[in-house]
Structures are given as C-alpha cells and as structure tokens.
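Chains as they are written, first to last, in our numbering: chain A, 1 to 422; chain B, 423 to 700; chain C, 701 to 1069; chain D, 1070 to 1305.
It should be emphasised that the hints constitute simulated quantities derived from the structure, not laboratory data.
For lysine to aspartate or glutamate, the following EDC-like pairs were computed, each having C-alpha atoms within a straight-line distance of at most 16 Å:
id: 1; chain 1: C; residue 1: 720; chain 2: A; residue 2: 120
id: 2; chain 1: C; residue 1: 716; chain 2: A; residue 2: 120
id: 3; chain 1: C; residue 1: 952; chain 2: D; residue 2: 1141
id: 4; chain 1: B; residue 1: 497; chain 2: B; residue 2: 454
id: 5; chain 1: C; residue 1: 940; chain 2: D; residue 2: 1176
id: 6; chain 1: C; residue 1: 952; chain 2: D; residue 2: 1153
id: 7; chain 1: B; residue 1: 497; chain 2: B; residue 2: 436
Please read all numbers here as calculations on a predicted model, not as lab measurements.
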Amino acid sequence: MNTQRSTLIFWLVFLGFLILIQALIGTGLLSNFWATLLKIGAVMSIVSIGLNLIYGFNGQFSLGQWGFYAIGAYTAADITYRWTQLHNASGLVVVLLVVLLVSLAFFLVAKIVSRLRGLDALSAFTLYLIGLLIAAILAVMVGKGLIAPITNILNLLPAEWAIQIVFFLAVILGGCIAAEISYIFGLPVLTLGSDYFGIATLGFTIIVKVLLDNSDTLLGFTEMKGARGMVGIPKLTSWIWVAVFLIAVLVVTRNLLHSSHGRAMISVREDEIAAKAMGINVAQQKTITFVLGSFFAGLAGALYAHVNGFLHPNTFNFIKSFDPMIIVVFGGLGSVSGTVVAAFTWALVLEGLLRLVLPQGFETWRFVVYPLLLLIMMLLRPQGLFGAFEFPYLRQVLPRPFQPRELHQPPSPADEPLNNGA
Amino acid sequence: MTTPSTAPTKALLEIKGLTKEFGGLKAVNNFDMDIYPGELVGLIGPNGAGKTTVFNLITGIYVPTAGVIRFRDTKLIGFQPHEITQMGIARTFQNIRLFPNLTVLDNVRIAYHIHAGYGMFDAIVHNKNYDRHEKALTERAQEFLSVFNMHTRQGEIAKNLPYGEQRRLEIARALAASPQLLLLDEPAAGMNPKEVVELMDLIHFIRERFNLTILLIEHQMRVVMGICERITVMDFGEVIARGTPEAIQNDEKVIEAYLGRGAAALSQRLREKRSHVA
Amino acid sequence: MENERLTFIDRMIKGKWIGKLLLTVIVLFAVWGVGNKAIHNPQLFIQQIINGLQLGFVYALIALGYTMVYGIVRLINFAHGDVFMVGAMVSYFAVGSFHLHQWPAAAFPGLPNFISLLIGTISVILLSMAICAILAVTIERIAYKPLRNAPRISALITAIGVSFFLEYFGALPFVFTPNFITYKRPYEIVTWYIKDGIHRLEAGKAPPQGGILFSNNLIIIILVTVLLLLSLTYIVQKTKIGKAMRASAYDKPTSRLMGINVDGIISITFALGAALAGAAGVLYATAYPQVFFWMGIIPGLKAFIAAVLGGIGSIPGAFVGALIMGQAEVLAAGYISTPMRDAIAFSILILVLLVRPTGIYGEPEREKA
Amino acid sequence: MLLEVQDLNVYYGAIHALQGISFSINQGEIVTLIGANGAGKSTTLNTISGILRPRSGKVIFKDRDITLTPAEEIVRLGICQSPEGRKIFATLTVMENLEMGAFTQTDKNEINRSLERVFRSFPRLKERQNQLGGTLSGGEQQMLAIGRALMSHPQLLLLDEPSMGLSPILVEEIFNIIQEINAQGTSILLVEQNAQMALSVAHRGYVLETGRIVLSGDSTDLMNNPQVAKAYLGAH
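Next up, chain A with everything else stripped away, as it sits in the complex (with noise of 0.2 Å):
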C-alpha cells in the first residue's frame, strides 16, 4: 500500500528540511532574525495542532489556548532560571514532584468519583481540587529534602548536557503542568454549551494574564518579576529542538487521528448526542481532548520562553489569544496540514515580511494592513486556505474494499424508476 512510501517521503522531507535550515543557520546565510521567526512559526504550529485537535476534531470552542501556553512558558522559565542563575535544581525537582504527585491525587480523585453516580461536576471538581491542594502542599514539603542531591548529579554531567537535560524536562513539564491544570479546570467548564465554553475559557486566560502580572507579589514568584516581565531566561531553544518537538507533536496527532480514538474524539464534534447513543464517553473525550491540546500547548509555551530569554505578561494578554484561533481557522479547521502552514505564513508574514515591505515610519500601519488581510482572506475563503485537506503521511487511507466472502441475503433495494412512465 502506499502508506509506506508516503510515511517514507515524509520523513525524508523533514529530515531535508530540518538539515536545510539548520545548515542555513550554521553558515549565518539565514539571519537571527529569519531564524527566529521560523522558531516562532514553529511554536505556533504546536499551539496550534493543540487548539485544532480541541476546535477543529473535537469541536470544542476554546480561547483557553493562550493561557496553557503562558503556564507553560513561565514554567519552564522558571525551571531553567533557577538552574542557570541560582544554580540549583529546586525549579526542577519541585515541579517534577508537583507533576506527579499531582497525576497520582487525580488518578485516586478519579477511582473514587468513579465509583459516585450522579456526581454533578461542580462536586466532582470540588473533590479534584482538594487532591490537588493536598498533592501539591505534599510535593513542596517533600521537594525541598530532594533539591541538594537532585542538583549534585546533575553536576556531575558535564554543563552543556546537564544544561540541556534541564531544558529538556523543563519543557516537558511545562506541558504537563498545563495539562494538568486543564484537567481540573475543563472538569466543570466542559460541561457548558459551546459558545458559554469559549467565554468561560477566555476568562481563564484574562485570570492566568492577571496572576502573572501580579506573580512576584500575588504569587510569590519574585524571579517572575510580574508585570514588569521575566529576564535571565537561557535561549536554549534551537532549530532542532523546536524542530524534533514539532515532528513529535505531529506524529501523535497523527496516530491519534487515525485511531478509533481520534474516531470517537470526532464524532463528538460531528454529533454529541449520537456519539452519546453509540456508547461513546463525550465527557472523557472531551476532557482527554482538551488535556491533550493544552499539553501541546504547554510545550509550546515552554519552547517560546526560551526562544528570546524574556517573558512579559503582555505576550499572554487575550488580544493575542486569538493569534491561535485565527492560524487554525486560516489553516482550515481539521486540517493538521493546514494548521503547519498557516502557523509558519503568519510568522514569517505578520511578524517579518510585513516588517520589511511596510515603508520606514510606517510600522503601526502592520496591524492595520494585517486584518484587511485577514478580512480578504475570511471573504475569499472561509473554510480556510486548506479546508479538511492533508498531506499524503497525514491523511487517512481508505481500507481496501470489502470482498464479500459468502453471500448474503440483504434486503436489496429494488430499484425501478418512474422515469418510463412519463
């Protein structure tokens, strides 16, 4: 079949253009600023895949996007902050802790609420919550034991790998601490009606812009430094990192999407009552759909933070939290395809090209040119510049026709027409 030549012709692609770039930036032919933009397109596209697996094949209208990747971002920040500039693990191993002790609280809160029929989700939120408090009051307490041995051996590595590892798992728990705090918060919220979900969801990313303009007093976070912006943070992001993070994303996408899982994850969107009356669970798949793509996400989050070393809360202000919204939508929504593209024609448009065209003294003009753009685009072609398009590896294959082994003997439609009675 051709799945495996098209998963061949795949890969070899982002290999070509993986090393293309990265050989571009090597030789200093690409400029920083070219360079970074790509990062940013790439970012983008993570955040992006995420919300569209939650709008696009979930259908779940989420502005919530934003906040994920500001928890992210900051989580991460702060994680390798400590590591470079007070030279200890403490970041790391707490949030590790808080992470897992934190997925352990949920998934005892979860057999319990299991076992409660006719929980509402306000009570069953209420319950999750306290597991959380608990776990995370548990994992501060226990981290601080952990901190001095955790960050000897990682002083034992050699700096650019210890560095590195860091980075690495910062990242990563970046995503999962997002993740988590979806979990509980789409916990009620998921239960609203479509458009009272999006509103709901776009307060929540106004509640995260706000604690973060109030971090260092509010928080406690005083490295955070709150609405007067995060600095100090390494640029640890490279085109390969963002890179093999972006390929990873798309591949779980992927498999997912061509599973009875991402089957059941669409049907909610197609028909939630009928996915209902086919046995499928709307509420997990909803909440799995949503965790996931806030995961993503968060990952996202976390690469940007360390793509210019410096975080301001006015990034994760809810005016940008359309910036997904719109690549998604441009793209064409359920089309993960579509998603890459529009992420990386935004950056490399709105954030570069129309840097450069636009006149000297006629900057501000960039965000008036750039919704007449999008209007035109909107007016020209609303399902998005890819509708449900896919590239070859992406999209799915039909399974070879059905050979009828034995006869059947179905009720056969007789059909004889009218038409000869005219």
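Add chains B, C and D to chain A, keeping to what the hints say.
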C-alpha cells in the same frame, strides 16, 4: 411466531411509573411498559404525546422526575447515555443523526469504539496491538456493512448519501453497537410507500439475524399495524391504550384521540365534498 | 429513583452538596471580606455602591449591543467595544474641536444656560449615536453580511479583524493618535455630598470627612441609560420592527417567507446596538475623562461578560448582568484586590455559568426534538 | 394562468436538485406535488418563494417574471408559504406570529379583516392568542402556520407538508380547512408525502422523482394510475 406477551419469561425492559417534567409541564406521566425478549413493540400517539421523551429517558439523555426503568434487572436511572448503550440498548433518531462529515465506514467504526481493544497509548505509538485490533475492527465493520449491502459505499461521506440509505446506515450503525434492545424513532418518516415496504423488510431481517428486541415509534399506521405484535398508544404523556394491532384499531379511545375515521373513508368523503364545491 | 447499590458514602455524595459547599465557602468568604470592611466604614461602602452603579449603567448600554447582535446573528461582535471607543472619540471632537454643545447658546442667546447645555449635550450624544450606527451598519455590510452562510467562526475571526482594524487605524497619528487624550466635558461637573442632608460641594474644596459624594454625571448616566433602555424595550416588544427582530432572531428563512427583509432587520439591530454603544462612549468619557484608541477593549470586555452573565440574547439579562458587573468590579477593587479585579470579574462569570450554564436569564432545559 | 414555472434548474452546490421542472397553476385551483423525500418538492416551493435562486428557468406569476425577485417582494405580490415543519416563531405569541404573517400589509383595517378571517377558520387560535407559539400543540401549530400565511392575504398559498407529524384525526381537520380556504378563492400549491390525502383534495397533481416531473394530470387519473398507486399510495 412466538407470543411473548403470554410467555412466562422475564421482561427485558421494564418501565414503571415513569414521569418527566419540563418546567412543571408533564411530558411523560406515570408511564408503564414491559417489553419481553424477542418482541417487536410499537409506541404510537399524536405529536407531542411524549413518545420521543420516553426514548430519551430510556437512553439516559434525560433523567426522569420519577419512576423506574429496569433493563435486564439493572436500574438504568443515573447511568450516562453511553453506559446505557454499552449495556445493550441502541437507538436511531427521528431526524437522522449520522456523523455527517465522516465516511460510511467511519460511522460504523465509531460504533465499534467501545470494543476497540487498544488504548490511547497504543494508538499514539501505533504498535502491534494497535495494528492487530485496528485491522480486525475495520474488517468487522466492512463485513457488517456488506450485510446491509453498503460495503461498496464505505468511502462515501455520510451526508451525501440518499435519504433512504442514510436511514439504513443509521440502523446499521445502531446495530454495530451490538444491542439486545433496539429503539427505532420514526424510521419511516419521510419515506414513500415503496421505501416503507423495504424498511419493513429490513426490520424483519435484522430482527431475525441479530436476535433483537425492538421498540418502535411510528406514525405510519401501515408500518405499525403491519409489523408490531403489541402496541402502546400515548396521548398527553399518558398511556391511553395497549394491545394487539387489531384491538388498537378498534379501541374507541384511540379512534377518538388519534386514528380518526380511517384514511380511506376520509379521502372518499373529501372527494365528495370537493365535487360539491366545484 | 434511588439506585439500589448505594452505599452510605454514595448517599452522602448524591446530594451534590460538595460542589454547593465550595460555592458557599467562596460566597461567604467574599461576603465576609466585603461585609467586614463595610461595617467598619459604611460611608465608603455606600460610596462604592454609587460608583459601581455609575459603571454598571454604562456597561449596560454596551452590553445591550452585544446581546442584541448575538441574539439575531449568533455572533460575538468583538468590534463592538471599538465602536464604543469611536463613540467617545466622536464626542471628543464634537465638543473639543467643533463646540457642538454650544450651538443652542449660539443660536438662541436668550435661552437659559441650563436648557441650552442640556440641548447641547443631547446633540453631542445623538451625534455619537448616529455616527456609531452608521459605522456599525457599514461594518456589518462589508465584513459580516458576506459571511452569513459561512461557518460561524469565520464571522468571529472577521469581527476580531475589524476590532484590530478600528484600534490600529485609530492609533495612526492623523486619526486619533496613539496617545491618551484628556476629554473635555460638554458641561461642568457639579458634585454634591450627603452628610446631614444633601449639600453642594464648592469647586476646589475637599469633601468633608464621611460625606458620600455623587455628581450630576451619575444622574445623567442613569437617566440617559434608563431612557434608552425603555425606548429599546418598547421598540423590541411593541413595534412591528421589534417583532420582526425577534422573529428573525428565532428563524431567518421563515421570516423571509413572511415577507420580512431579514438583512434590513439585521442592519437595524446592528445600528441600534451601536447607537447605544455610542451613547455609552459619551457617558463613559464624561465620567472617566480620558480617551484613547484602546479604551474600548476593557469596558467592551466587561460589558460582554455582563451580557453573558445575564444570559446572552436577553435584554433584561444584559441590564442585570451589567449592574452586577459594575458592583463586582468596584467592590473587588475596593475591598479585595485592585490588580485582580479583571480576574475576579471573570471568576464570577465562570462561577455563575457553572450554576446556571446559560446565564441568569438564559433558557433552562428545553425539550429537544 | 396564475403561476407558471418554466424549465427550472436548481443546484445545491454540485447537486442538481431540480432538473428542468415545468408546471402551472390556474386561478382557484389546488395543485399538488407529490414525491419521495429528496425528490425536490420543498426545493420547488422555496424557489418559487425566492429563498433559493435557480440557475436557469423562470417563475412567472400573473404574467410577471418573479424568478429573481427577493423573497419579501414575492410575499407582497401575493404568494405566501407555510413552510415544512410549521416553523412557528416559538418565542412570539400567537398574535405576534399572525402579525408577522401580515408584515407586508400596511393597511390596519385590512389586517384586522384578515385576522377575523383567520380566527373564523381557526377559532382555537383566537382562544390562545396571547400564548407563546412554542406552547401550542402540533395541530394548533399547523393551524397557526397556515393562518399566519393567510394573513398576507395571498392569491397563491404554498403549503409544505401540512400533514407532517400529525395524527390521522388532525390530518383530516387540516385538509378540511385547506378545502375551505380554497373555496374562498385562494389558489393552493400543496406539497405532500401523504399522496392519498393530497390527491383527494387537489384538482391536479404532478409527480416528482429525483428533481424531475415524471407524471402529471388530473388527480383522479393520477390516483387510478397503477404506477402511482404502487409507489405512493401503498396499494399492493
């Protein structure tokens, strides 16, 4: 043919005192019904009598205000719709509810999801376990489609199918969830007499082949009277009569509330009246 | 109704009391936090309520536009907040550059000062309303109407685009400039204080300790809002156009079959909503005298939350939601935490949605076909 | 001739829904279109009403080409449709629903006269005039739908599936009323699944199959046509 209503077997589905209120309005009031294994039971009544609400209560879409529904000795109340489907009750909808943008094959494969046999992790890494089960699942779905003579249309998008085939696919999809009890909500709606005859054949066919018990809501008397063994008539959320088709056709209460004088006699009368006018 | 397999713990859980307990704790905590301080300083508390009222009434005017447009085309019109900004800007130019508010005094010199100012101010408000209405109809025709049969999200994205456009176009140096502009009111502010009766506060004097302040602004805002709200309710409930609006909101193809020009009705809805936002722009600018190109975003967002809180699509809902929002914001800022007030506003929204998933005046569970 | 439809072609995207349909309605007639689901009956009505635009062909009403006339203008000219599935404005009262039917009418007295006429035909609507449309029963909704269409005082009334979802006894009542309306001088184009009922009240009929007219004629002839009897009347 068996006469299950007199057989001493235990009821497959047992409904007692079922009541559902919407903002003080009783859509279903003190509804009782027993369905025995292998039966084909009809539920009829004027629009808004609460028939579809009964379906929604059985399948867990609504939670009843009062009453008990027992399926194979399990109380269904408090269970989620998907859990009820997994217990063995499947349904179709009055206005066809396919997954419109998915292929015919995927529509059926989604019904097999509960028996997929592999987890999220297997799906994400596409391991051996995934390969094996996904292949088996697909083959089963394809074979199943062939039973309904639809295997040649596996790649077509469901919403592009002609109306009759959409109905057939919806019934096929419901059966793919391997139910013991099938609830059909106005399957003949919008069909012409020829299609209705085909549908009746199809219902007979699936009933034999899948060893089903069927509860049917229908407006077309020909279908109900033609294939049902027992009929329950509802009006204003309450049962006004139950019995064999013959008994129902002659029940004074039913004639008054629902059937009227009979279509043939009426049409004759209207014709006379028209010639009078003209 | 009870499940047979219920254990003792299950039965405890069945009451859904855990979730309610959480809500109760949160509400009690808030009431305690506010109430404690309110008892210690009741004057301040009443002052806050008055301030919240002023804010809430302005929000109500904006929220009505969101709710009406959503009701008829199911579109969250993100550009609505920027229409509000344009309304404020128009009145700024009308008052600052063209002295529109002085025309009655110039035309009829004999008129008493109060009357001529009243007519002048009303003219300014009417001008803003008219220009906003025209702007909104233009936007609707260009950006939303062509997408009426496209997926809903397309129109939403366009709305975001329009919002960006209005903001950044406004920020251009020859339009509204990217700066904060001090707003000149068409009338002088007169402040009264309540302490042993109502007294007028002399200009330049500090209010006495423990006095509760209110200004003619508050009265104007409440009067104008109530007047506009009543007219709107009359239009929607009693006139043929209003009934056609409700019919179109419910079912557009059938409305067309009845001979209703649905496109026209939609335009009228946009115009009405925008006119209210225009009036709100003037009132907001007189209350908080500073205008700038971003000013529509936050009030727009708050009004939008208010509309959702009240049950989007419902006119009384928008009004009630806005009053709640105004109070919540002022009380949160005054008693809980100023920087967190946006977060608190949204937390309230989310909590309300969890209890009433379609807002306060939203439709409860209806029978599905 | 009151209405003439000439060689109408309508597409939904790539789907050719009406493939060259021609038929006519004379003053005072009841004409019925029968056919299976998806044959194009509602599409025909919606094209006449101006909701759908044909790719080619003409609709001529009282010697005037109304093919491209907007829907609201067509109502003003004297064609009104009572749509499939009744489509009552559930959030408006019965009275307001009727007022919407008279949206194109400007003469207050004329509206009041129409209202009286509707209440005479459907006394039950008068009893419920202040109730919300959505709280009516199925039969009452159908009456309201027809009454609402009559409020515009049409010369041609288009009825889409008036018997849908009604109990046999109500179907009888509705068809009686349809005949009465016709007797008062309104021409009717009736689309029905229930071919037997439709042919029994109609003067003439057309049989639609997958977007084409395959048979036409006097309703008695159609009823006696063995093919029609087999496919649509359920004779064995």
